[in-house]
Structure formats: structure tokens, C-alpha cells
Amino acid sequence: MYEFLNELLGNQILAMLLTAAVPLVFILLFTLFAVWLERKVSAHMQDRLGPMRVGWHGSLQLIADFLKILQKEAPVSLEADKPLYNFAPVLVFAGSFAAFAAIPFSSKLIGSEIELGLFYILAVSSFMVIGILMAGWSSNNKYSLLGAMRSAAQIVSYEIPTALVVLGMIMLTGTLSLTKISEMQTSSFWNWYILGGPGLSLSKFLLIPFMIIGFIIIYISTLAEVNRTPFDIPEAESELVAGYFTEYPGIKYAMFMLTEYANMFAVSAIVSILFFGGYQSPVGYLGNMLGIHWMIPFEQAFWFISKGLFFVFVQIWLRWTLPRLRVDQLMALCWKYLIPYAFLNLIIIGIISLL
Amino acid sequence: MTLYDIIFYLFALITIGSAMLVVTTKNIVHAAFALLLTFFGVAGIYVLLAADFLAIVQIMVYVGGILVLIIFGVMLTNKITSVEIKTGTLNVLTASIVIGVFMGLVVSIMVWTGWYSMPAPIPATTAYGLGETLISDYALIFELLAMLLLIALVGAASIARREKESL
Amino acid sequence: MRQYLRNTWDGIYTAFVGMKITFKHLFTRAVTIQYPEVKVPMVDRARNRLYVNIEDCIGCEQCSKACPVSCITIDTVKSTPTDPVGTTSNGKKKALWVTQFDIDIAKCCFCQLCVFPCPTECIKMTSVYEYSEFERESLIYKFASLSEAESAEKKANYEKFEAEKAAAKAAAAAKPADQNKTE
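Chains as they are written, first to last, in our numbering: chain D, 1 to 355; chain W, 1001 to 1167; chain R, 2001 to 2183.
Since the hints were derived computationally from the structure, they do not count as laboratory data. All residues carry an ideal CB built from backbone N, CA and C; glycine is no exception. Check the hints yourself; a few may be wrong.
[Said to hold, decoys possible] Where chain D lies over chain R, by a calculated footprint (3+ residues, C-beta under 8 Å):
(1) 2030-2043
(2) 2059-2071
[To be verified] Lysine-lysine pairs mimicking DSBU-like chemistry, simulated, CA-CA at most 35 Å apart:
(3) D:Lys204 with R:Lys2065
(4) R:Lys2024 with R:Lys2094
(5) R:Lys2020 with D:Lys336
(6) R:Lys2175 with R:Lys2160
(7) R:Lys2078 with R:Lys2039
(8) R:Lys2039 with R:Lys2124
(9) D:Lys336 with R:Lys2024
(10) R:Lys2107 with R:Lys2142
(11) R:Lys2093 with R:Lys2155
(12) R:Lys2107 with R:Lys2094
(13) W:Lys1026 with D:Lys204
(14) W:Lys1026 with D:Lys82
(15) R:Lys2065 with R:Lys2093
(16) D:Lys204 with D:Lys108
(17) R:Lys2142 with R:Lys2039
(18) R:Lys2165 with D:Lys68
(19) R:Lys2078 with R:Lys2160
(20) R:Lys2155 with R:Lys2169
(21) R:Lys2039 with R:Lys2093
(22) R:Lys2124 with D:Lys72
(23) R:Lys2155 with R:Lys2165
[Said to hold, decoys possible] Label pairs and their computed distance ranges (CB to CB):
(24) R:Arg2029 with D:Trp190: 35 to 41 Å
(25) D:Ile347 with W:Ile1141: 43 to 49 Å
(26) W:Ala1157 with R:Phe2023: 40 to 46 Å
(27) R:Val2038 with D:Val314: 47 to 53 Å
(28) W:Ala1051 with R:Phe2023: 46 to 52 Å
(29) R:Gln2034 with D:Glu73: 28 to 34 Å
Generate the whole structure from the sequences, applying the supplied hints.
Following this line, the structure appears as C-alpha cells:
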């Protein structure tokens, strides 16, 4: 993406800015769509209709909401720590936006094709922890601080099962590059890692159950990392108002919301890259059939975004199915269930991949 | 001045500026958060030096682990913000002499060392090389470090364990 | 250990059961009524906005007396034989001009106590329930059909008639006195 733009424009800085703008625009559009989807899905799951007034089935509702949020006055409480208070939303958003740099939307549309993509995404998400702590502390509000503490504890704990599953995948694929992992699962859904990965050998069939276990573990733990129900105790509406962003009005609040939805997509994208072929089509490309090769990246982007959206839909689905966990249940789930299973899974995948 | 230089100086500025803030600020929470920028700046410089793995480890370990730990410690300590932190300047003369001597040493070494300046071949990633080195040349140290971490974990677990109630 | 495995299985299994239920509900018909377009039919005896059929009102003020929150204000002027008010729809003769019949609907507590005493059944509850206003004054409903000038005219008429009547009475009283005088 960057190289292409650099050659096209002949200007490094412009090319960099444009490369960075693509995920930003995507995040904005995705958030608009995802919030609408969330409201519609939640409404229909509760036999309601949800927003219906603005546009077709309320599809423009979010634009109206966004305009409303932009116009809001932004009062800062007197006792807040102003520099940190103003910096926290930026930091949180930067953390989640940075992760998008390494996510391959298609074989061509990728911010930076770094070799350590997976590791990089795990690392930059720690900026979010700091940002959340910063937001909670600087607001000088008990609810905010409690929410931030819970959130940080939760994210730090659930990073472990995530990392363990990712480690298993790294052992299997031998690379940390998200593009390479996607490329390994090319040509058909039969090569996806959820079905044991490419090749046709005994180990492929042996791997399938452990891949499914790994998928479930990473899905649960990433769900917890993005603070979604049933793991939404950091922003539990009924006990903490809104958790760490209780004190944030207007556009700063919008940045937190943007981050939340961007994160939802980012973790869905990682899950789909690791287990569901990333941007690879499950059946093959129209561009190859018709001989139009420039069409393939667009098709790949379509498949990638569809897979991401599907997993976002499952996240929403889970949110409106399960009740919120208690703090001790949350920690018990992580330390007593997910981590031991993830360890076992890791060892078994290691043994099978040696076969 | 190329783009590379501009980015380097930007990161250097971030690192040094925030490090100064860490030292001079009287608010201990501000100091802890300013440390974030210092770590980030150092990671940026690592990236510019083509040490990508090291940069990511820097962020993962220092930002994701140690800094969170520090901030948790600072926040959970009761009434940390109202504690009088002693930041008065004492022994100005002795301190400036000692620092001056060290500064002179560092600067003189920097000036008089005959630095090699040849373009090194930049690998696509340092991860493979690092991995191989870790489990071949430095296998023993690597394993010993793993043992150390395991001991630390066991120790932490034994401290955190609930005492058996004597009946 | 068995309990542990059992917990794991239950956790996953129950989550899927719940997801199945919510997924089914995703496709069941929504129970939402799209309010301004679709309205819930009101029951027959629903109490909502008051309405006064001023043609039938005889100005007896029974409703205003019955009202527990005094939201009805009525002012009447007696009619004169030369300018009769007319009759109600059931043929009763009206004797009073209703110059003011104001209901402050913001005060109304929908108790329906004003409806029962009305002898001509001209005040009643309707099924209209959407009558929000931007001004508080707009919630004071003026039912009197006479304009201000008309009211003033009726008042003047009545006063004139009274004056005439008084004059006639005085004249009548004076006459016998005169007769007595002359006798």
C-alpha cells in the first residue's frame, strides 16, 4: 500500500498519511455501521424494532447521533487532572488505531507489512491499558477509577490466554507475519487453520479439535480484552455508570466509543486471520476466473471485512445473550479455566506439529 | 536532513522531554504516566535502528507490564497524591562535580572513540536470528532465566496463597 | 476434576443454548407499535381531553363547582327577552349567555367529576390524548363561542334591560304614588 502510493505520488510523507488514512476512514465507517448493527440486533433479539426514524430502518441514526455528540459542550470537572484527562482519549484511540497498521485487509491493502505483525498487535494494545488507567485516574471520579482498575486487571489477565493461543499458532505456522499466515490458508476453506491448516496429512485431522478449542479460547479472551458483555464489568452500566469514560462528554466520549468498536473489529480480524483464512476467499476468486487480476485485492478486502463483521455480529449476539460476570467469576474463568486449557492446547499442538 | 533524521530527532525529543518530566514533576502519577512516553520514544529509536523485535518487546514488557504494575502500585497506595515527596535540591556543589565528571567522561568517550560507520545489511526481521541465537549460543542462560522466572512465579503464588486456618 | 470438566462443558453448552434462543428471537416478529403511524386503540371509557359542546351549555356552572382542582372558569350573562339565547339540542330553553368557558387542561386531573353533574351532557371526555403545546397558555382552552365584542354587547344589553326594568319599576312605583296624590 505504502510502496504503491509512494511510487504513485513520489512523496513519502503524503504516501504515509494516505496509508494511515485508509484504516481511519474504515474505522469511522465501521463504527457507524457497527453501532447501528448493535442497536438493530439487540432490538430484534428482544423482539423490538430499534431505531426506525432516520433513514431506512434507522440507518442514518448514527450520523444524527454523531452530529449531536459533536455539538455538545465539553465541560471538564474542576478537580480533574486536565493534561492527563485530555490526553487519555487520544492515547486509547492511538493504541487501537496502531493495531490497524499491521492488519492485512487484503494482500495489497495493508498499512505496514511487518514481519512481527501478530506480536506487534499484542504489544500496542497495552497502550490502551495505560490510556484507560489514565482516563480513570484523571477524571477524579470513583466510578471512573474503579472501572479503569477493573479494565486494566481484566485486559492484563486475558492477554495471557490470548498470547498462549497465538503462540500455538506461531508454532504451527512458523511466522509472526499476518500476511504470511493468511497466504498459507489460500485457495479454499479446507485450508483454513480451523480445519487443521493446509496440506493433507494425518496431523491436519488430528489438529482439528484442538484448533476449535484454541478458537473458542481466543474468542472468549479477546472478547474480554475489548470489554464486551459478558466481560463488561469495567463499564457496567448498572454499577459504574460508564466505567472509565463516565466523566467524558462530547467528542472525547465519541473517541472512546470509536475505540471500543475499532477494537471489536481488530480482535475479530485477528481471529479470522488466525483461524479463518484472513482475507482469503473460501471458494476462490472471481478475478481469477475472469482473468481480471486487479479485482482480486478488492475481493479479498470484501472477504476480510465480511469475516470481521461476522465475528463482530457474534460478539453482539453474545452480548445480548449472556449476563455480566462478577469480578471473581471473571478472574476464575481466566486463571482457572482458560489458561490451563490454553497451556494444554499449546502443548498438544506442539506435539502434533512435530509429527 | 532526511525523513529518517526528522523522525529520529522527534523520538529523541519525546524520550528526553518525558524523561525530564519524570524526574522533575512533583506529581508522582504524572511521573508514572510520563514514563510511558519515555518507553515509547526508546521503542521508536529501536525501530529506527532496525531492531524491530527489541522495539516490540520494549513496548510489550515495559509499557504493557512494568508500567501497568507501577501505575497500579502508585494508584493503590493510599493517599499517594497528598504525600510530601521530597524533591528539594541538596548538596548542589558535590552533585554537580560528580555529574560533571561523568558527563565529561561520556562526552570524551563519544568524541574520541573511532566509531565504525559502515552501512550494515538491514535484515527484514531480527526475530529469526534472535530465536536461533537464543536456543543455540545462549541456550543455558535462556533456560536459567526461565528457571528464575518460574521461581519468581512460585514465590508469588506462595505469598499470595491463603494461610491454612488452624482448627 | 470431574466437577472441573463438568463446569467447562456446562459453561460452553449453556452459552450455546442461550445463543440459540436469542437467535430464534432475532427472527420473531417485533411487538413494537410504531406510535405516531400506528396507534393503540383507546378503550371506550378512557378519560383524556375534555370537550365542551358550547351549543348545549346552559351556563349552570355545575361542572366548575364539581371540579376538585378548579380548572373550569365560567362567566355568564343573563339574556334579555328581546335577544333570546335559543335552545339546547334537546329543546330546553337557555337563559344565560356563556361569555367565558375556560378549561385549564394543564390542571385537569381527569377525574371526570365534571361530566356527571352536567344536566345537558355537554361536557365530556374525548379520546384525544396528544395535545402537547409549547406555551403553557395554549393549554387553557376557551370554549365560549362569543367574541369579546359580543360579550360586551350582551353585557351592555343586559345592563340596559336591567336599567329599563328598574326604570319601569320606578315608574310603576311612582304611578300609584301619583294616583294616590291625585286622589
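Hints versus structure:
{"no.": "1", "hint": "2030-2043", "in the structure": "holds (count 4)"}
{"no.": "2", "hint": "2059-2071", "in the structure": "violated (count 0)"}
{"no.": "3", "hint": "D:Lys204 with R:Lys2065", "in the structure": "90 Å, violated"}
{"no.": "4", "hint": "R:Lys2024 with R:Lys2094", "in the structure": "66 Å, violated"}
{"no.": "5", "hint": "R:Lys2020 with D:Lys336", "in the structure": "27 Å, holds"}
{"no.": "6", "hint": "R:Lys2175 with R:Lys2160", "in the structure": "22 Å, holds"}
{"no.": "7", "hint": "R:Lys2078 with R:Lys2039", "in the structure": "45 Å, violated"}
{"no.": "8", "hint": "R:Lys2039 with R:Lys2124", "in the structure": "22 Å, holds"}
{"no.": "9", "hint": "D:Lys336 with R:Lys2024", "in the structure": "32 Å, holds"}
{"no.": "10", "hint": "R:Lys2107 with R:Lys2142", "in the structure": "14 Å, holds"}
{"no.": "11", "hint": "R:Lys2093 with R:Lys2155", "in the structure": "19 Å, holds"}
{"no.": "12", "hint": "R:Lys2107 with R:Lys2094", "in the structure": "29 Å, holds"}
{"no.": "13", "hint": "W:Lys1026 with D:Lys204", "in the structure": "59 Å, violated"}
{"no.": "14", "hint": "W:Lys1026 with D:Lys82", "in the structure": "16 Å, holds"}
{"no.": "15", "hint": "R:Lys2065 with R:Lys2093", "in the structure": "22 Å, holds"}
{"no.": "16", "hint": "D:Lys204 with D:Lys108", "in the structure": "29 Å, holds"}
{"no.": "17", "hint": "R:Lys2142 with R:Lys2039", "in the structure": "28 Å, holds"}
{"no.": "18", "hint": "R:Lys2165 with D:Lys68", "in the structure": "71 Å, violated"}
{"no.": "19", "hint": "R:Lys2078 with R:Lys2160", "in the structure": "12 Å, holds"}
{"no.": "20", "hint": "R:Lys2155 with R:Lys2169", "in the structure": "20 Å, holds"}
{"no.": "21", "hint": "R:Lys2039 with R:Lys2093", "in the structure": "41 Å, violated"}
{"no.": "22", "hint": "R:Lys2124 with D:Lys72", "in the structure": "46 Å, violated"}
{"no.": "23", "hint": "R:Lys2155 with R:Lys2165", "in the structure": "15 Å, holds"}
{"no.": "24", "hint": "R:Arg2029 with D:Trp190: 35 to 41 Å", "in the structure": "39 Å, holds"}
{"no.": "25", "hint": "D:Ile347 with W:Ile1141: 43 to 49 Å", "in the structure": "24 Å, violated"}
{"no.": "26", "hint": "W:Ala1157 with R:Phe2023: 40 to 46 Å", "in the structure": "42 Å, holds"}
{"no.": "27", "hint": "R:Val2038 with D:Val314: 47 to 53 Å", "in the structure": "33 Å, violated"}
{"no.": "28", "hint": "W:Ala1051 with R:Phe2023: 46 to 52 Å", "in the structure": "49 Å, holds"}
{"no.": "29", "hint": "R:Gln2034 with D:Glu73: 28 to 34 Å", "in the structure": "33 Å, holds"}
Hint compliance for this structure: hints 2, 3, 4, 7, 13, 18, 21, 22, 25 and 27 are not met, and every other hint is.
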